Structure formats: C-alpha cells, structure tokens
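All chains, full assembly: derive it from the sequences and hints.
Residue numbers (our numbering), protein chains in the order written: chain C, 1 to 302; chain Y, 303 to 635; chain E, 636 to 905; chain G, 906 to 1275; chain R, 1276 to 1645.
Quick caveat, the hints were computed from the structure, so don't treat them as lab data. Any given hint might turn out to be false.
To be verified - With a cut-off of at most 16 Å between alpha-carbon atoms, the simulated EDC-like pairs for lysine to aspartate or glutamate come out as follows: (1) Lys248/C x Glu479/Y; (2) Lys324/Y x Glu873/E; (3) Lys1370/R x Glu1447/R.
Here the structure is a predicted model, which is why all the values come from computation and not from measurement.
Residue strings, one per chain:
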Amino acid sequence: MADAGSGKTGWRATGHLLGLVAPGVIWIVVFLVAPAAYLMSIAFMTNGSYGLPELPFTWAAFKQLAGYGFLGWSPANLYVVGRTLVQTVLATGLVVVIAYPVAYYISRAPARLRPLMLLLVVVPSWTNQVIRAIGWMNILAPGTPLSDLAAALGLISPHMGLYPSQFAVALGLVYNFLPFMVLPLYAVFERLDTAQIDAARDLGAGVWGAFRHGVLPQTLPGLLAGTVLVAIPAFGMYVIPELLGGGKNLMLGSLVARQFAAASNWPFGAAAALIMILATLAGLVVLRRLGRRLGGDAGVML
Amino acid sequence: AGKADTLYLFSWSQYMDPALIKAFEKRYDVDVVQNYYESMPEMFAKLQAGGAQQYDVIVPSNYYVPRLIDTGLIQALDKSKLGHLDNIAERFADPAYDSHNSYTVPYQWGDTGIAYNTDKLPDAPDSWAILFDPAINSDYPFALATDAQVVFGAACAWLGKPYDCTGRDAWKAAAREVLATKARDNFAAFNDGTPVLRQLARGNVAAGMTFNGDFTYYKSENPEAFKNIEFVVPKEGTELWVDVMAIPAKAPHPDLAHKFIDFLLEAKNGAQLSNHTYYASPNAAARPYLDDALTHPPAQPTPEQMKALHYIPSLSGDDLQFVQQLWTEVQSR
Amino acid sequence: MKRASTLTLGLRGMWYALLVLLYAPLAVVVVYSFNSVNSSADFVGVSLRWYRALFADDTILAAAWNSAVLALVSSMLATAIGTALGYGMYAHRARRLGWLIWLIYLPIIMPDIVYGIAQLSFFSRLAAATQIFDLGLGTMIIAHVSFQAPFVALLVYSRLVGLDPRLFDACSDLYANAWQRARFFILPTLQPAIVAGFFLALTLSIDDFVISYFTSGPESVTLPIFIWSAIKRGISPEINAIATLMIGTVLAAAAITLAFQYVRHRQSGE
Amino acid sequence: MTQPSSPTVSPDTADNTPRADTAIRLRGLYQAFGADAVALAGVDLDIPAGSFFTLLGPSGCGKTSLLRVIAGLDTPDAGTLHIGARDVTRVAAHKRNVNTVFQSYALFGHLDVAGNIGFGLRMHGHDRATINDRVQKTAAFIQIDNLLGRRIDQLSGGQRQRVALARALVNEPDVLLLDEPLSALDAGLRSRLQLELLRIQRRLGMTFVFVTHDQDEAMVMSDYVAVLNEGRIEQVGTPATLYERPANPFVARFMGHANLFAIRARDATGLTTDFGRLAGEFARADHVLIRPEIMTIHAADAPEVASAGDNVIHGRVRERLYRGSRMEYTVAAGETELVVVDDNRGQGMFEIGAGVALVMETTGVVTLDG
Amino acid sequence: MTQPSSPTVSPDTADNTPRADTAIRLRGLYQAFGADAVALAGVDLDIPAGSFFTLLGPSGCGKTSLLRVIAGLDTPDAGTLHIGARDVTRVAAHKRNVNTVFQSYALFGHLDVAGNIGFGLRMHGHDRATINDRVQKTAAFIQIDNLLGRRIDQLSGGQRQRVALARALVNEPDVLLLDEPLSALDAGLRSRLQLELLRIQRRLGMTFVFVTHDQDEAMVMSDYVAVLNEGRIEQVGTPATLYERPANPFVARFMGHANLFAIRARDATGLTTDFGRLAGEFARADHVLIRPEIMTIHAADAPEVASAGDNVIHGRVRERLYRGSRMEYTVAAGETELVVVDDNRGQGMFEIGAGVALVMETTGVVTLDG
Ligand SMILES: Nc1ncnc2c1ncn2[C@@H]1O[C@H](COP(=O)(O)OP(=O)(O)OP(=O)(O)O)[C@@H](O)[C@H]1O
Ligand SMILES: Nc1ncnc2c1ncn2[C@@H]1O[C@H](COP(=O)(O)OP(=O)(O)OP(=O)(O)O)[C@@H](O)[C@H]1O
Ligand SMILES: NCCCCN
Ligand SMILES: [Mg+2]
Ligand SMILES: [Mg+2]
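So this is what it looks like as structure tokens:
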C-alpha cells in the first residue's frame, strides 16, 4: 500500500495506483475518448450518398464548413457561428450582471439564512433542462400576458409570441446558467477581505475606486470560474435554442445535431463538432491564462 | 413484461389504433413497444444510427423507400409469411418506389395540405398563398414543415411549377422563396405535420402544413378546440403519399414483424386502422368495413384534387446532397 | 454603514426579482398542469384530467421507471469509480499525473451535443459490428457514468487535498494497517464528499437530456426524452403534469437537504 | 486619566523631539454596534504630535474601533474628533490626511508593489511622473526599491509589512495609524520589525498611533501608551509610568505583574496581605504590587536574610523555570504564591521544595486602588 | 557530541527519576530526499529512558525527519535504530510501540474525542469495554473527561492539544514523540501548556522526545537537548550546558547569545577582539562568548569602574529598549556592538549616546572553537 503522504514509488505503489485509477481511466478512455476520436475521424471522411461516412479521407467536410458547397461560397455557417457567439456573450454578460449583486447580497445575509438562499438559487437547476424550457414556453407563448404586453409596447408584432424567438433563447440561457455564476461568486464574496475596501478608502478612493480596487480584483477568480461554467456550456447548448428558438435560426449545437438527427451528413456534423471542441478548448485556455494573469490562484479554476 | 417476445414498432406518431396493438399482443402473446417520429429525415437518421437492428417494423413514406433499399437498411419481405398479400388494392400492388412490393407493404395513404384558423384568416383561399403570400396573412404566426422536400415542393407549386419539381434551378428558386418567407415577422417556426395541429389548437400558430387524416382525427376527437380550424388541399398541387410497412435489415424479430404486417393486412384490421386514423386504406378487402367518413374529402380527395396530387420524387446522390445543403442553408441564415 | 441602506434596499429588491425569475417558469408549469383546457393563453378551470391521463399511460410510467434506474444505477457506479479515481490521484499526487486531470476535465468541458453524438456514432458502429452495445439503458448508463465520475473524483480529491497529510501518518502511528486505515479513516473521512458526489451525480443525471437522448434506444425512453418528444408533438398539459411531478420531487429533495444542513449545523454547535 | 507632560524616552536626534502641540484630540467618543456591543464607551484622549502613541488592550476592548473612527472608516455615534486644529468628525475617510497600515496589510493583489505604494497618490489625481518619483523615494527610504516590480504574493511577511508602510507613508499623512501590524509575524521577525518601525518614526518625526495587545511590544516601542478596557481608557502614560505606577489592578495585571495582592488590613507599621505582613509606611489603598525585580531570593538561612530587617518573606520553592540568563521561581508563601526572578550570575540554584527567603526593597513596593 | 551523565534539572518526585538505561539508540542514520536534500546526514544519538529529551534546531535541519524515522513513518536510507533492546529499523510504524503527537495534532474529524483517543486501542483489536475503560482513565488523567462526547471542531486549541496527547498516551507507548506540538499556539496558551506537558511527563516517567525550534521552550522544558543543524547533531546536553558551555558558535548563536566575537590574537595576558582587549588567561580557541548577564553597565566615570581593574569595556549607548523589568542596551565598542542587560532596580538609565563602561567578570567568559 503506497503511503498517501510519501513520494516514493515502486511496483506495489504502481499496482495500487492502477487499481484505483484504472476503472475510471479506462471508462473515460473507452467510452468518451475513443468515441470522440472516432467522431473526429468521421470529420475527415467522405459523405456517402445518404449521409453516412465513407472512405476515402478528404477535407470536403471542412470545405463545406468554410462555406463552399454546391452553391459556391455562402456565409450561412458564419451566421451560425456569429449567432452562437452573440448569444453566448449576451447570456454570459446578463448572467454576470444579475449574479454579481445577488451573490454579494447572499454573502452579506445572516449566516443561518445563507444555505437556504443558495438552495433557492440552485433548486430550479435540479429539474431537467427540458422542463425548465417548458416553463418559458408556457410563459412566452402567443396570447400570454407577457406576449401581449410586449406587443402593446411595440416590441413584437401583435398576435405573435415572445416564443419562439432569439429573445426566448437568450432568456432561457440566462435562466439555465444563472446558478453556475452565483455559486463561484458567492464563494469569493464570502471570503472577501473587507480590509481592502477600507484600504482603498483610506488611501483616498471614492465609491467607484473602492469597488474597482477593493472589491473587483478579489472577485475576479470567481468571475472567471463562473464564466467558464456558463460560457462554455452556453456555447454548446442544444436544448434551449432548439425548444425556444423555433428551429429557424440555428445555433452551432443544432447545426451539429441536425447532421446526425435529420439532414444526415455525418462528416459535416463531425467537422462542426471538431470546431466546437477546439473553440471550447481555446476559450478555456484563454480564461485560464486570464485567471493566472489576474492573480487568481490555480485552484479556483477548473 | 413476462411475454414471450417483443415487437418494436417505429412509426409516425398518432398513426395507430391502440386497440389493434392490444389485439395483436393478445393473439401472439407478445409485447409491442412503440416509438415515434414526426418526419422522414428523423426516422432515417435514427435508423442509420443503430435503429436498423433495434426495430422490427417501420412505417416510411413512399419517397424514402428507394434510399432505404439502397442503403440496405431494410430487408426483402418473405412473402411466404404474408398470407393476406392479396388484400392489397391493385393500384398499390406494383408501385414505382418498390416494384412488386418486394420490400414493403402499403399501410395507408393520404395528402399533405394546409390547416388554418378561420377566425384569424377568414378570407383564406385553397392555395399555398395562405403560407407564402404576406397579403393573405400579414400578422398571424404560421409554420412550415421540417422536411426539405415537402417544403420545397410547396414553394415550387406556389411559384407555378409542379409540386414534384426537380432540378437545381427549381430548388434554388424554392429555397429563395422559403428564405423570404422565413424572414417575415410573423413566421413562427418549422413544425411537423402532426404537432402543428396542436399548435393550431392552442393558438400558437394560425396556419401550418399537415395531413388530411390527422386533421380529421383531431377535429372529431376535440370538436370544440378545432371548430375554427379548417383544412385545404392547395389548388396549385400538393403531396400524395403512401406510407408503407417495412422490416429493418437487422430487425431483432423478423418473424414477428412478418406476423404483424400480415395482421394489419387482414381485412377487418386494415379497416379498423383507417377508421381510427381517418386515412384512406390501400387494402381492397377492407373496403366493406370502412366508415362512411373515409369515402369523401378530406380522407378521400375529390377526383379534381387528385389531379393536382403528386408523389415526392425519390432523390439520391448529388441531387439529395444538393437539397440537403440548401435546406441547411435555409435554416442557418 | 448608515448610508448603505439604499444599496441594501436595491439588493433586496433584486433578490426578490430573482426569485420571481427563478420560480415563475416552474410555477406556471404547475398551474397549467391543472388547467382544464389545452391552452397557454387561457386558464379555464381546475381539473385533474391530465394527471389521470398520466397515470393511465404505461409509456409514462415506464419512462419514470427508466429515469429512476438510469439516475440511481449510473450515480452509484460513478460514485464508486469516481471515488477510487479521486483517491488514486491524491495518493499518488507526487507522481506526474497531470495528464489525468485533462482526462477528467474532458467530459466536463465537452459540449453535450458533441458528447452525445460521439457516443451515438461510436456505439451504433460498435453495435453493428458486435451486437453488444445496442443503444438502450445500458449505453445510457455507460454514458452517464462517463460524465458523472469526473465530478465525483474532483469532489473526493479536493476533500483529500484539504486534509492534513499527517492524518495518514497518525493512522499508521496508531497501529492501523492498510486495510484498517481505509476502513476506519479514509472511508469515514470521505463520507461527506462521497455522499455529496453521489447527489451531484444524481442531479447531473436528472438534468441531462442531450446525452441521454442520443444514447437511448427503443425501450429506454426516460421522462425527459418522453417530454422532449411530447413537446415536439406539440406541448400539452399532460407534459405540464409530468413536469409538475418532477418539480415536486425536486422541491421535496431540496427541503430534505436543507433540513439536513440545519441539523448538521445544530450538531456542530455554535 | 492622567496625561503626561513630557515623554520619558527621548528621541534620537534633537530636531525630532515631539512637538508640543496635539495631533489628535478625541472628546466623548461613543460607538455601539447594536444594543449590547458598546465598542467605545466615551473616550477622551489627546495624542501629542510627533509621538509614537500606542493603544494597548485585550482583544475586543475597542482598539480597532477607535482607530477606524480616527481613520474615518466609521463615524462615531457621539463625540468629536479633531486632527490638528480641524474638526473631522463628519469628514469622509478619503478626505482625511490620515493613513492606515492594516492588520493583515490589505495589500492589493492585482497591483504590483509600485502600484500599491502609488495607489493613494493615484486616487488623489497626481500625474504619473510625480507618482513614480515619490514612490521611488519612499521605497528607497523603506529599503524596498528593489521590490517595486514584484507581485504581492511574491513577498515575505516582513516585506509585505514594509510595502504596507510605504503605501501609507508616501502620502505624507499627518498621522499614521497602525492596527496590530506585527501580530501575524513570528517572534524573530517581529522584534526586528519593531525596531525598524521605531527608527522610521524617529527619523520622520510623524505621529504614529499604534495598536497592539502585547504589553511587551507596547513597552519597547512607545513614547506613550493608552491602556483600553471595554471601550474606556484605563490609563495613559509613558511605558515606565504604566509599568512602575499602574493606576489600577487592571493595568497592573495587563502590564504583566503577577505579584498583585489585596490588602487585608493596614496599620501604622505596615500591611497584612495574603502572603504575610509587609512593614513600612504605605498610603491607604486596596492592593499592593510587588514587582519581581525588587525581590532577591536567598537560602532561608543565608546571612543576608538575617541582616535584611523586616521585609523578608519566607516560603518554599514550588516551581522553577530555567531561562538561560535567568531563573524564574514560583515561591509558595502564606496562602499564596509569588514569582521572583534570579539572574544566573554564577550563584547556586534552589531546588524545588527548598525553603527560601525573599528579601524586598520596600521603596519599590507600589500600592494602588480599584 | 558529549552525552551528559545526569540531568541537572531534578524531577518532581523520587520514583520518576530518569531510568539509567537507553530508550532509543540511533546509529549512523542517513536519510536523503533526492540528491541535494539530505535530511539526516549521519545521526548518532542515545536518548535516556524516562527523560524529557528535546530536538532543537532551525527550520529544515531535519528534526521532523528524525522523528519520522523513530516513529517508523519513514525508513532511513542507512543506519540503525533501536527502541529499548529491539532493532526496529525495518519494522512498520503500526508495529512499533511508539506514538506521536503531531504538529497540528492530526485529530480525526470524523470521530469524537473518545473515538480519537480510543483509535489506537481499536486498531489493536481491544474489546469495547477495555477501550472505554482506558479512554476514560486517560481522559481523566489529562482532565478532559468532560469533553469525551465533543466533536473535534468544538474544541479550543489547548483542548485539542490535550486530546492529541491523550490519544498517544492511552496506548502506553515506550516513547512519546512530539513534533512542535505548541508552535501553532499563541504565547499565553503556549507557556501554560509547556508547564502542563512537563508535569505530565514527570508524573508518568515516560520518555518524551520533543521537537521545537524555539530555544526558550527547549530550555524551559528539557532534561536534555540535542541541537541539530543540517542533518547533524551539533551538541547534546542539559539546557544549562548548552547555554553556558556551547560547543561551537552555531550552538552559541542558536541559544540566543548576541555577544560572540572572533579572537584576533591571543597572548599570555589576554585576548584581542573586535571590541578591544580582554585580560586574563584563556584556553586557545577561535571565539569568545560574553553573556550579557556577566556584564554590568555603569556611567563611564562611575567609581565602580575605576576599581574594577582590567576588564572594563568603554563604549557609547547606541540603542536601548525598555522591557519593564529590565533595560536592554546596545553599546558600541571598538569596531562592534555588545548587548548588555540592566535590571531596573531603581538606579538611573543611560541616555542614547551616553558614554558607558561595561564591567565584566572574567570567570564567566567562555571560549569556544569552530
Ligand atoms: N461591525 C461590528 N459589528 C458588531 N460588533 C462589532 C463590530 N465591530 C466591533 N464590534 C464589537 O466592538 C467591540 C470592540 O471591537 P474592536 O474590533 O474595536 O476590538 P479590538 O480591541 O480591536 O480587538 P482585537 O484585539 O480582537 O482586534 C467588540 O466587542 C466587538 O465585538
Ligand atoms: N518528503 C520530502 N521530500 C523532499 N525533501 C524533504 C522531504 N521531507 C523533508 N525534506 C527536506 O529535508 C530537510 C529536513 O526536513 P525536516 O522536515 O526534517 O526539517 P525540520 O527540522 O522538521 O524543519 P521545520 O522546523 O521547518 O519543521 C529539509 O531540507 C526538507 O526540505
Ligand atoms: N400522423 C401520421 C402522419 C403520416 C404522414 N405520412
Ligand atoms: Mg482589532
Ligand atoms: Mg518539522
């Protein structure tokens, strides 16, 4: 049995290590890494006449992704990527704007109330995401009070609903991911060193300066952790755009899904999936770098 | 549970009489597990992704049959196991999509039209204009179907071409028309034929593409909710379809599948099915048992309407790829 | 401190607004599940007809059963595998195990849709070749475990990292052999993390739709998949009724959690 | 509450003599947090300009509260506060010419050392060149100019303390407040930094208000010490005054005197206490304080004892601690125990249980009330 | 490496006199973590049974490493280790009759106090009744029997320390190892617990091996002290030996002697050092050590100075620290500085800059090599 504390290695220790980690590692490698690798390989295959991948390997799927198809070049995929990015940034931004003060408020509440308040924030996310979407479908459908109000205000055409629409998608994303921002922010607010606020005031900072220098830097690690937890899944979100968007303005997740679940072009879908993974990784790397640069300790981030 | 075997049926939703399932289960002491799809592309994708070895009986539409055969997703029928084959009406005995019914047996047939709300669109003509002409409906939300060929056919017909138009130029023109329609303020969503009826009833949309039988079924089930919903067969021409039964290539219980198909070919059972779904029956022997409703529109189109009805062409190769890319393009923009 | 009251008032207002935002959609689902007509625009009268329809429908009951089996079995497997993984990473942290972390992050950062489709394409190919990975409850459980286990491992690992490493020495010093150490120290110490990991796995499983959807087979329809296809068929009050039952279950779970927290808090004393 | 007229400890050089005027004047300061948490229960205090002034007291006595009121971080519920001639009771923190060195330094992690030091100047809108210049000068003065580019988490505890000091000093405040700036450090570093802080104060001649709960630290560093207890000032004075003439038992105990005894009876020739009689003329008082240094320990039968006269306490060694340069004995006498210190100047030691005699210089005995 | 023959500090009662035999015998212990981290560089040591034995040294000198080898938590790379008569070099930790009190106690959070104390007995497979009984007795002995049902996080620092002690003691080990058990505590609690620990050791007569980096703590508590440096033992002896006769400059500095000077020249009549000449007869050596206690400070023109003879050092007060019971002066003399302590027994003080004379008893001067 290897010593939990010691750094010594040996055959017995190796056996111990393997006994513990092998099931997990093998599980993930066989049931996730291998499928992912297979999917990636599909991206380089030829699209068969009915959408299934075939040999030989080609770049065709990536060409199609870049916009080259039977029609010559088309910007349709750029629309999709752009729409996805805008929704992601918008949703993340809104989530921050809502979660920041709320997390602060919870952290200042009496200690015995805090678990309850956190629970109240988290509980909706214990239901299934499809169920959360139904709620919004109910609320935003045509003829509901909210839709009528929006129509009366001239925000939408009369007789139309707020759902399905891009607005409903944004709202659904914000709703879905709010708890993932509140929790890490709460964690940093809870151990906020208020002496830094005092120090800023003591050194001549006004309200804004005290916030900018006494509060914001301390909460950055939480903000970044929250951003990772919100932006990355929002970027790949499928259910909400699909249900609340009416299937008319595709986002990346639906574009990928459709190549497997409807339109049938597996290589194209796989190529788009590859791009999604790369974009996700790039986003993660950037956020981690940013986190380190801004002085968050490595443990805070995923 | 506890039964000798299980039959996996993969079919359109709202397309089967539960009593028939019970009867079949009882006769052969088996369980029937049903799964549903709302469109052909959905079914085809599921079959490609492993479904071919999980379902025993599927119910595709005519224009998907050739590609199911081509891709080897369905198996040739063992006609020796189908004692009631002769019940099939002559018109359906040797169809273009499957000569001599080597792979398929017809299930039911019908047409695709438009259902709309007469309160909101009182002046609606029997035309694709309900969907494509902003002058007819400028305010109320409406939907188009999710199957590329179904929608492009409608656009072709609206643009004055035949519903079964083919050729890249025709499809491009159709795609442009769909894009323009999608860009309209009151375009709500892409909804499939059966679901859109519920959306109509709930008031979420005022018009959409649907099927004659489903419309009649809902209307008779729930007259109150559907009292203002009407169905038209657009005069510019629309789809005539035949849905068929087939057995996936690696079906787990091919024997039982044959039994099921033969069961539905029985005269009384064929009639019971149509009486339940309000779709016309391809079963000649069933005729005596059919309800009256099935002998006139909308279940049975008028001869005049018949002239404007077309099968959707079966596509493959580049043509299929072309249509699919075009459709992705339409949804992406 | 005395001037902060406007800020406090603003924050309090925001908090209540947030509660409305969070619970309005759920409340609407609950309310419409009792609507006697099928409409989202009108609430005509209270009725239990959708619940009656629900309990009459075998498919829904089967879906509920499938959901429960999927969530419980996958969570138990993931807890076992994840706990071992987390402990292994900790016990051998002196070695170069950096790559392991990436293996653990992979399922966490992989977009659901890519995840589900990768497994769909892989399993369907495997099934075509071997006949053993047929899509169904089995593949769903496999898929769920693969994304739950990393979360459990991280929880267990971070609990261990927070421990005084001398505790392990204290065990040996107090005559515990390897098995006694596992039995009397490691497992009891990890118990809160393991329980938390199990519940986290459960929530992840319950929340998941996409991966379940793509790895499911004809007989493994779960409630979310059922609801999804019901929505695709046009939303109906029956769905609201199912959703209401799920919401009720979750609220009950939340209440129990809270009660536990307060009891634990009380025990630990002020 | 006596206010001393002049410091006993003289400063380093002539021109840094504490100025005669008052840097801070507090009158009737009252501050409560809720009904039963009275942090300041009416504080009157004058802090002489240019002095190293220490607030000493047990945890929770109100030291930080007082400092925060001076800094302007809290507003008192009642009372007034002058800095120099100006009434600043209602002036916001960022408008007071006072700076604070916080307990755990409260350095900004997102700024480097230079950024931290220059922060106050930046907030005051100085231009970049001025800021750089003054940061550079202050850093050189504090001897951390080689650290200017470092991140805060790359600094040791002692370095952080200096950065916090520089960050406050660069603003040239009228008064520098220091809230237990040394309490987080280990003993060695702590005594080095005590000296350093003292030297800096001497060189600048600035008023330092220093908070600690460590009487040793207070004694080593301060010109004046104010002892706080439950939001009140118990005594103000030089370290020697507090040590040698504590105003009451609280101060005496807090200054580390173990030998404090209630007086049972008093007559013309002396006092009766728990350990026995004490001959001499004493003022009427409640307590008698016998500092360990005024006693010498001897074998019970030693010749010095016989010749010592009246004030000899006989007892028995109960415990002894070897401390290198000295030996600390606890001696049981009468109904109580006394602590006495013997320096290890080569003489013998007393075993535990040995009978000893403590000889006392009566002139060093202090009586006090309260 | 001298091994003393008897302790200078006598135990409380007669029957607990340290036994003459050796509890632990270490020979040539060597332990390295990688090429350049040599934790133990050949340690030979005999720890007398029944003694309070302290390992003292700066951070990183190998104290913990040595303790871990004794406990069996690490196996040495070379060398042997006997506990009593038994060679346990390769015996696993859980098979040694040795217990440890860890630095931050390492109490099990998932068990209550009773569960913690009984853990070792449980691992040994004792039955429940025996365990309860012995836990109860030990807890009563350590005076924590009222805490048995508490959770660990409901205990104060001092209570935790006692639980950790009880958890080790209940197993009646041959040797108790304590790795800086007091270093995390604040000063007040620390000195109380020092005394308590010492009393418990005295009552039980068990061998305690105690680790600290605080020379004051080592001196107060120990029968013997071994000073470690870079994995080697510099000196072993009683506290008085180490303080008064350090074997080398490292030990001298570590024991807190500031006045250590290199000898520049030596002749028949005395020595030449940095601060000047020292008359007398001294052994040949490299360094001279002058403990502050052997000097007295006087005004330069005081009569005692004239009569003091040769060994008077003239200098000037550079710094002084008031410490209540004594005053600490730093005096500049020759090319260096000396620290001298004056007790505040009523005499006057010397101002900074004043000329003073330090009078020395030559008999107290120590010379040493290395
Ligand atoms: N914000 C606050 N809310 C409630 N009570 C407070 C607050 N700040 C201080 N107090 C109370 O006021 C009293 C004085 O507190 P203060 O912080 O001034 O003590 P202190 O002397 O600085 O103690 P320490 O040495 O522990 O820092 C304490 O009883 C404390 O509990
Ligand atoms: N597991 C280890 N890996 C590498 N080096 C180690 C290890 N344990 C100890 N060392 C090194 O061995 C030397 C002695 O360490 P040890 O912990 O014994 O010192 P210590 O005297 O207990 O110090 P401290 O007073 O800081 O606790 C140090 O240089 C340390 O860095
Ligand atoms: N609900 C059944 C529809 C069939 C369309 N082909
Ligand atoms: Mg304080
Ligand atoms: Mg150590």
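Going back to the hint list, which numbers does this structure go against? Number 2 - this is the single hint that the structure violates.
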